[in-house]
Structures are given as structure tokens and as C-alpha cells.
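Whole structure, please, built from the sequences with the hints as guidance.
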Amino acid sequence: MNDVLFAFLLTLFAGLATGVGSLLAFFAKTTNTKFLSFALGLSAGVMIYVSMIEIFFKAKDSLTSSMGATQGYWVTILAFFAGMLLIGLIDKFIPKYTNPHEVKKVEDMEKPTKPVNDPALLKMGMFTALAIAIHNFPEGIATFVSTLQDPSIGIAIAVAVAIHNIPEGIAVSVPIYYATGDKKKAFKLSFLSGLAEPVGAIVAFLILMPFLTETLFGIIFAMVAGIMVFISLDELLPAAKKYDEAHLSIYGVMTGMAVMAVSLVLLA
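Numbers 1 to 268, taken from the UniProt record's numbering, label the letters of the sequence shown in order.
Worth flagging that the hints you see were computed from the coordinates, not collected in a lab.
Please read all numbers here as calculations on a predicted model, not as lab measurements.
Treat the hints with caution; some may be incorrect.
Once the Cα atoms are required to be at most 20 Å apart in a straight line, the calculated SDA-like pairs of lysine to any residue come out as [stated by the list, open to error]:
#1 Lys185 <-> Val20
#2 Lys123 <-> Lys34
#3 Lys188 <-> Leu23
#4 Lys241 <-> Met254
#5 Lys92 <-> Leu233
#6 Lys183 <-> Val20
#7 Lys92 <-> Leu130
#8 Lys34 <-> Pro238
#9 Lys92 <-> Ile134
#10 Lys185 <-> Pro119
#11 Lys184 <-> Lys34
Now the structure itself:
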């Protein structure tokens with residue numbers, strides 16, 4: 001039960017980072033784009049390395065031990081791309097203008113002299129919060145299941161997810177605050193969108209855990225690897241490159257991979 005509680009708390013930590021992004025939007029004067037580029041690159045490096053080096057092969061080991069070498073390997077590959085397809089479909093059905101992958105700056109949070117009371121702008125903020133919640137749900141499952149299998153991997157994923165949730169919190173707050181001038185409302189919706197991650201953890205615990213065989217675990221873990229790689233390539237790296245200066249984003253990727261590699265050796 002302590003392992004389950006730790007996994008849930010890590011997932012909660014990752015999800016609440018959207019609220020941190022919202023607070024940054026309220027109190028920071030400008031966006032530190034150099035830090036943002038490096039941090040998002042670092043998050044991508046962590047996710048890609050841990051997915052391709054650790055999670056994929058742990059999934060393969062589970063599936064080959066329960067299904068045989070050839071069939072288990074094929075199922076691992078299929079589950080990996082199924083994870084990518086799942087998060088890709090979620091992206092596809094989210095309207096482009098509400099896509100949380102569009103990073104917004106703190107500068108965009110400048111309070112108008114009076115609320116613009118634009119229903120379309122408020123609607124955009126509400127849909128962005130919903131879009132982020134939908135994205136966060138599978139991330140919550142991924143963080144929870146990964147932590148139960150290997151706490152060191154779970155910690156790495158939680159930190160990487162938390163980093164990329166911060167600008168998503170800003171993406172929710174900007175249009176809502178600009179439309180209403182209400183900090184509390186902007187923060188509340190940003191905070192609630194992040195709670196989809198611990199909800200994902202609860203769903204994983206209540207629905208998946210009772211049926212978690214070696215085979216099911218391998219399939220879920222391979223899908224987690226696919227989800228993490230897709231998020232890195234589709235969301236984190238493009239956002240990091242958007243504010244890149246002097247190759248900071250790729251240095252972030254390299255740092256994330258190196259930190260992850262050393263951490264896995266030290267925690268083995």
C-alpha cells in the first residue's frame with residue numbers, strides 16, 4: 001500500500017504543476033525563454049531515454065517471458081505504436097486553437113484595463129483546460145504504473161511531466177484571465193485540468209490493478225513508452241525549439257538523457 005500511495009503522490013505532484021504554471025503567469029514579469037527552452041528539452045531527453053532504454057525493454061521482458069520470444073517481441077512493438085496512436089488520436093480530435101501544445105508567454109497575461117468579456121476567448125480557455133485534462137489522463141496512468149514497477153523510472157517520468165505541465169498551466173490561464181480579469185477563476189481551471197493526472201492514477205488502480213498480469217503489464221508499459229515518445233517529439237521538442245537560443249534545447253535534451261542514464265545506474 002505504501003508503494004501505491006507513493007505512486008499516487010508522484011502523479012499528483014506532476015498534475016499540480018499546471019497550477020504552478022498559472023501562478024508563474026500571475027507573478028512573473030516576463031518568460032525566461034532560455035530556461036523554458038532548456039527545461040522542455042531536458043524533459044524530452046528524460047522521456048525519450050527512459051522510454052527507449054528502460055520502459056520498452058522492461059515491457060519486452062515481461063511479454064517475452066509470458067508469451068514467448070517472438071510473439072512477445074511483436075506484441076511489445078504493436079503496443080508501443082498503439083500508445084503513440086492513442087495519444088495521436090487525442091491530439092487529432094482537439095481543435096487546433098485550443099491545443100495545449102501551443103506555448104504561451106507570461107507576457108500574454110498582462111491584465112487589461114477592464115475584462116474584455118469576450119465569450120469566444122473565455123470558451124477557448126475552457127476548451128484548453130479540457131484539452132489539457134484529456135492529455136493528462138493517460139500521462140497519469142503512465143506515471144502511476146511506471147512508479148509501481150520501478151520507482152526510479154516513475155520519479156523521472158513525474159519530473160519530466162511536471163516540467164511540461166508548467167507552460168500548459170500558462171496556456172489555460174492566459175485566455176481565461178484576459179477574458180475575465182479574474183485570477184482565481186484562471187488558477188482554479190488551470191489547477192483542475194492538472195487533477196486529471198491523479199484521476200488517471202485512480203482509474204489505473206481501481207480498474208487495471210485487479211487484472212494486472214505479466215502480459216497486461218507488458219502491454220501497458222509498452223504503450224507508456226509510445227505515449228512518452230510521442231509527447232516528446234510532438235509537443236516538447238517543437239516547444240523547446242520555438243524559444244531556442246544557441247542550441248539550448250538540444251543541450252537540454254542531452255542533459256536530460258545523461259541525468260537519466262546516470263540515475264538509472266546509481267538507483268539500480
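Hints, verified against the model:
Between Lys185 and Val20 the CA atoms are separated by roughly 15 Å; this keeps the pair inside 20 Å, and the hint holds. Of the pairs offered as hints, the one joining Lys123 and Lys34 is violated, with about 31 Å between alpha carbons and a cut-off of 20 Å exceeded. Between Lys188 and Leu23 the alpha-carbon distance is near 11 Å, which keeps this suggested pair within the 20 Å criterion. Restraint check for Lys241 and Met254: satisfied, since their Cα atoms lie roughly 14 Å apart, inside the 20 Å limit.
Simply put, Lys92 and Leu233 have alpha-carbon atoms about 15 Å apart, close enough for the 20 Å limit, and the pair holds. At roughly 13 Å between alpha-carbon atoms, Lys183 and Val20 fall within 20 Å of each other, so this suggested pair holds. The hinted pair formed by Lys92 and Leu130 meets the criterion: a straight-line CA distance of about 14 Å does not exceed 20 Å. With a CA separation close to 14 Å, the supplied pair Lys34 and Pro238 stays within the 20 Å bound.
For the suggested pair Lys92 and Ile134, the alpha carbons sit about 12 Å apart, so the restraint of at most 20 Å is met. For the given pair, Lys185 sits about 15 Å from Pro119 by alpha-carbon distance, which is consistent with the 20 Å threshold. With a C-alpha separation of about 29 Å, the suggested pair Lys184 and Lys34 falls outside the 20 Å cut-off, and the hint is violated.
Comparing the model with each earlier hint shows violations of hints 2, 11; every other hint is respected.
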